[in-house]
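Chain A is already provided as a structure; the job is to place chains B and C with the ligands on it using the hints.
The primary structure of each chain is shown beneath.
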Amino acid sequence: MAAKPRVAFFDFTGCEGCELNQLNFENQLLDMLEHVDIVEWREAMDDRPGEYDIAFVEGSLSTPDCIKRINDIRRRAKVLVAVGACAVQGGINGMKNTRPIEEVREEVYGKDKYLFPTLPALPLSAVVKVDVNVRGCPMTQLEFLKVFTALVMGKQPVEPNSAVCVECKLKENECVYEKGMICLGPVTRGGCDAHCPSFGQYCTGCRGLVPEPNLKAMEEILVKHGLSVNEAWKRLHLYNSHELEGLKS
Amino acid sequence: MKLNESVSTQEPQDLYLPVMSEVLEVKRLTELETLYTVQLPGGRDLGHQPGQFVEVSVFGVGEAPFSISSSPTRQGVFELGIRRVGLLTEKLAELKPGDKVGIRGPFGHGIDLEKFKGKDVLIIAGGIGLVPMRSLINYVLDRRDEFGRLIICYGSRSDQELLFTDEIAAWQEDPDVDFHVTVDRGSPQWEGKVGVITTLIPGLDLDLDRTVCCVCGPPVMYRFVLLALKSRGLPDEAIYMSLERRMKCGVGKCGHCQINHSYVCQDGPVYHYPDLKSLEEAL
Amino acid sequence: MDLKFLASDRVEAFVSHLMQQKTVYAPQHTGKHSVALEKVDDPAAVILDYGRTMQSVKKFFLPPRDELLSFDLTDHSFTPAAVEPLDAILLGIHSYDRAAIDRLDYNFSQGHPEKNYLTRREGVVWVGVSFEPDEFHFSGSVGISPHETAGFDAFLTRVREGYLVEVLTDAGRELVSGFELPPAERPKPAPGHFHQHIFLPQAKLNEVMAASYNNEIWAEMAEKCVGCGSCNIVCPTCYCFNVEENVDITVTGGTRERIWDGCMLREFTEVAGGEVFRGGLAERQRHRVMRKFKYLSDKTGHPWCVGCGRCTAYCTAGISIVSIVNRCVSDFEERHTTAM
Ligand SMILES: Cc1cc2nc3c(=O)[nH]c(=O)nc-3n(C[C@H](O)[C@H](O)[C@H](O)COP(=O)(O)OP(=O)(O)OC[C@H]3O[C@@H](n4cnc5c(N)ncnc54)[C@H](O)[C@@H]3O)c2cc1C
Ligand code: SF4
Ligand code: SF4
Ligand code: SF4
Ligand code: SF4
Ligand code: FES
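Chains as they are written, first to last, in the numbering used here: chain A, 1 to 249; chain B, 1001 to 1283; chain C, 2001 to 2340.
If you're looking for bench data, these hints aren't it; they were derived computationally from the structure.
Don't be surprised by glycine CBs; every beta carbon is placed ideally from N, CA and C.
Mixed in with the good hints, there may be bad ones.
Here are the simulated distance ranges between beta carbons [said to hold, decoys possible]:
(1) B:VAL1085 with C:GLY2301: 37 to 45 Å
(2) B:GLY1043 with C:ASN2246: 28 to 36 Å
(3) C:VAL2083 with A:VAL223: 41 to 49 Å
(4) A:LYS179 with C:GLY2178: 39 to 47 Å
(5) C:ARG2335 with B:SER1278: 19 to 27 Å
(6) A:LYS78 with C:GLU2067: 32 to 40 Å
Listed next, the in silico EDC-like pairs over lysine to aspartate or glutamate satisfying Cα-Cα at most 16 Å (straight line) [to be verified]:
(7) A:LYS216 with C:GLU2223
(8) A:LYS155 with C:GLU2244
(9) C:LYS2224 with A:GLU212
(10) B:LYS1100 with C:ASP2075
(11) C:LYS2039 with C:GLU2012
(12) C:LYS2032 with A:GLU174
(13) B:LYS1027 with B:GLU1090
(14) A:LYS78 with A:ASP37
(15) A:LYS224 with C:GLU2223
(16) B:LYS1119 with B:ASP1178
(17) C:LYS2032 with A:GLU172
(18) A:LYS171 with C:ASP2066
(19) B:LYS1117 with B:ASP1145
(20) B:LYS1117 with B:ASP1142
(21) A:LYS216 with A:GLU245
(22) B:LYS1115 with B:ASP1145
(23) C:LYS2115 with B:GLU1011
(24) C:LYS2299 with C:GLU2207
(25) C:LYS2224 with A:GLU219
(26) A:LYS216 with C:GLU2220
(27) C:LYS2299 with C:ASP2105
Bound-form chain A, shown alone (with noise of 0.2 Å):
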C-alpha cells in the first residue's frame, strides 16, 4: 500500500449498534488516522478501480439497491472490510435491526414466536468477495482497532478459528452450563476472548460459527440441557440464519 491509503467508510442496513462513524475514536485510533485519507462516497462519481485501499462496510443487504451499491464498491475498492455481525453473516432479521437487542433476545428465547422471515438479509459475502471480517454483535473497537493496523501495515489480519469455549477455558471462567445457562460457546467462533461468559452470561453465537461445525452435536447438547429441537435450532439461527439455510440447501 502507497504511502496514506485512502480510507472509505459504508453503512447498510445495519442495526445501528456498529455505527463506524459513531465510534468513540480513542486516541490511538486518531492516531491511526492520521496515517490514512478519508475519502468520502459520491454516488454519481464514474467507477475508478482501486479509488478506495480499503473499504469498511457495515450492514446486510436487504433491496437490489444494496446489491447494486455494493457492487460498486467491491469494484472500487482494493481491500473490502465487513464490519460487524450483519455486515459478516447477514442481518439476524428485519426485526432486530429496528428494535433494542435486549427486547429481540427475549422475544427470540420467548416459547413460540418464530422470528426468522424466509429471506434473511443477506451477508456481503453472499453477493461479493470479501476480504476481511471484523466480527461481533456489535463489533468491538478493541477487534476494530486490529483490523485496521493490520491493514494499514499492508498485512491480512488473522480471524480466530476456534470455539468461545477455548478463550473461555483460557481465562479460567466458570462455565455457564454449569449456573443452567445454556451457550453456543462450543460452535460459536471465537475472538471476542470469551466476552458475554466472562460476565457470566452465555454465548448468543454473534460471531458466527465456527469452520465445518457439528450441528447435530451441538443439538444434542443444547435438548440435553432442555430445550425442544425446535429451540435449539432457533438459538443456532439467531446470527447463523444465512449460513443454516445455505447448509440446508
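Same frame as chain A, but now just chains B and C with the ligands:
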C-alpha cells in the same frame, strides 16, 4: 523407569529467540517463488545437513519453517526458496537486500549422508519439494567422488512454475547427472515431457542394489511415488521421505507436527521409509 | 514417619505462617461452583476440601498466554521476555496434578530443554492435600492414590477434625518449623474409594490401545463431539501451544506470545493452502486419547493421563475418556476370547 531419568541433562536454552540475520540477495524464481540468500551475524556458518530446516520470522507478522536449499558445502551464507502462500510468505516476498529476518535453527533430522555415501542417489522432487532436495543435489555435486550416480526426477505443475531453471539447464548439460523433468500441463512452448511425476519412474536406469532414494513433494504425491518405486523393485530400506506438517516451535515442544508418536520436527522431516510404516497417519 | 496434626480451626493460622515465608498459591472460590488456584491474600479464603480446579498448577509454569519476546518495529530489535522462578508455596495440590507436573517436566527438559518453563519451575515448595474422589476422578486406575505423596514437600491428609501433616523433605521441614503441630493421635486413614475405573492394569493398556486404532469408538465419539477443544485446554498434561504476534495499535512494536492450543481443534494441523492433516473429529479424538494412553506412554513408560477427570467433567457433550478407554478394553478382550 522414573520420568526424570529419561531426561537429558543439557542446560536449559532460550529456544524461541531468533538470531537477526541479513538478507543479502533476493532472486525471483517464478511468479510465486523467491530465492533468498541469508547471512548469520558475522558470516557465521549455519552448520546444517541437507533436509534440515530453519524457522524464519518477521516481527509483527509471524514465524514459519522453511527448508534450507543450499548445500552445507557452500559455507558462510545459506539459501531459502520460499513460495508465496499466506501471511508471512507474502511479507517475505517484499524483502529487499539489506533487510533483516529472524532465524532459529537449523532444526530437524536431515539426510543421513553416511547412508548415502558410495551409493547411487535418486532424487524425486515434486513442485516446491525441489527446494530442500537442491541442498542434497549440490552436496552430491560438490563431493562428486563420494557418491555414485546422481539421478534426479523433477515434476512441476507447469513449465512456467519450474524452479531453478538455470541450475536445471546445467544439470541437463552435465554428463554426470541423469536429469528427468515432466510437467502436468505444458505451455505451447514446452518441448519436454508432459505427465505426472510417477510417469518418469518406469523408464529410469537403476541399479537396485546400490540405489538410495529421497522423495519430497506435496502430500498427495508420496503414495503414488511409492507404488511406482516398488514396482521397480526398489527395497523399502532404500527409500527416504521428507514430510511436511504444521510446525510452530521446531524443537519438539508445541505438539503441532506430531504424527502418531513421532515429532516431525525432531524425528523428521526426513524419515527412513521403514520407520514411517508404523506411523499410520504419515502418508 | 513423623505424623502431625493440624486442627481445622488452625488452618488459617497455618496459611498465615506459610505466607510469611513465600507467596502462597492455593485453591479459592472464583464462582459459586468453581475453585481456582490463585495467589492467597486472605488466609480465610483458602479451600483445602475441593473437587477440582478447572486449570491445574500447570498454568504457573506454562501460562495460558506467555510472552516470548517483545519487538520494536522501528529498528527490528527485540527483547526477550523476563522469566522469573515462581519461587512460591503451592498449597492444597492434589496428587494427580503433582504427577502431571512430572510429565511436563519431562517434556520441557527432553531433547532441547526449555528455559522458560524450567526457570519458572524453580523455587517451588509443594504442599499436597488428599481428595475425596468424586464422580469424575479415576487417578487410582493410573496408579495415583488420593494419598500419593510423591513430589510433595509436605502433605495434608483430610481427617474428620482437620488434617494429618506429613513432612517429606527438608524444604517441608523448614516450612512447618516454628508452627506448633502436635503429633497425630492416629495413623493415616485409608484413601477414599474411586467411583470411576479403567478396567485394565496400566501395564497392558498400551497393548490394548495399539489394537484399538481402528475401533469404531472414534467415529461414534465424532458424532457427539463439537470439537471445541475444552478437553485439551483443561488437561494438566496437555502442553501444546500456538505462537501469535500482537502488534501495538501504534504499529511501532508488539509482542510474540505463545498460547495454549489443542489437538481437538481443527486448525491444529492446518497448513498454508488449506491442507488439514488431521481434519476428522474421529481422528482428532483418537489422537488425543492415544497421546494420553499410548504415544507418550510408549516413550516414557508412564501414562500421560493422570486421571483428574477434567476432560470429562468439562465436556459439554458428555464425552468420557474413561468410557472410551473401557470400550477399547472390552472390545479387545472380546476379540481375544472369541479368537481363542
Ligand atoms: C519442514 C518444512 C519445510 C518447509 N520448507 C519450505 C520451503 O522450503 N519453501 C516454502 O515455500 N515452504 C516451505 N514449507 C512450508 C511453509 O512453512 C509454509 O508455506 C508457511 O508456513 C506458510 O506461512 P504463511 O504465514 O505464509 O501462511 P499462512 O497460511 O498465513 O500460515 C499461518 C501460520 O500457519 C502455519 N503454517 C501454515 N502452513 C504451514 C506449513 N506448511 N508448515 C508448517 N506450518 C505452517 C505457520 O505457523 C504460519 O505462521 C515448509 C514446511 C515445513 C514443515
Ligand atoms: S461458558 Fe460457554 S463458551 Fe464458556 S466454556 Fe462454557 S460453553 Fe464454552
Ligand atoms: S461470547 Fe458469543 S455472543 Fe458474546 S461476544 Fe463472544 S461470540 Fe458474541
Ligand atoms: S470437550 Fe468434548 S466436545 Fe469439546 S472437543 Fe473435547 S470431547 Fe469434543
Ligand atoms: S486426559 Fe482427561 S482425565 Fe486424563 S489427565 Fe487429561 S484431563 Fe485429566
Ligand atoms: S514443531 Fe513444535 S513440536 Fe514439532
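Query raised in the report: Which numbered hints are broken by the structure, listed smallest first?
Result: Those not satisfied: there are none.
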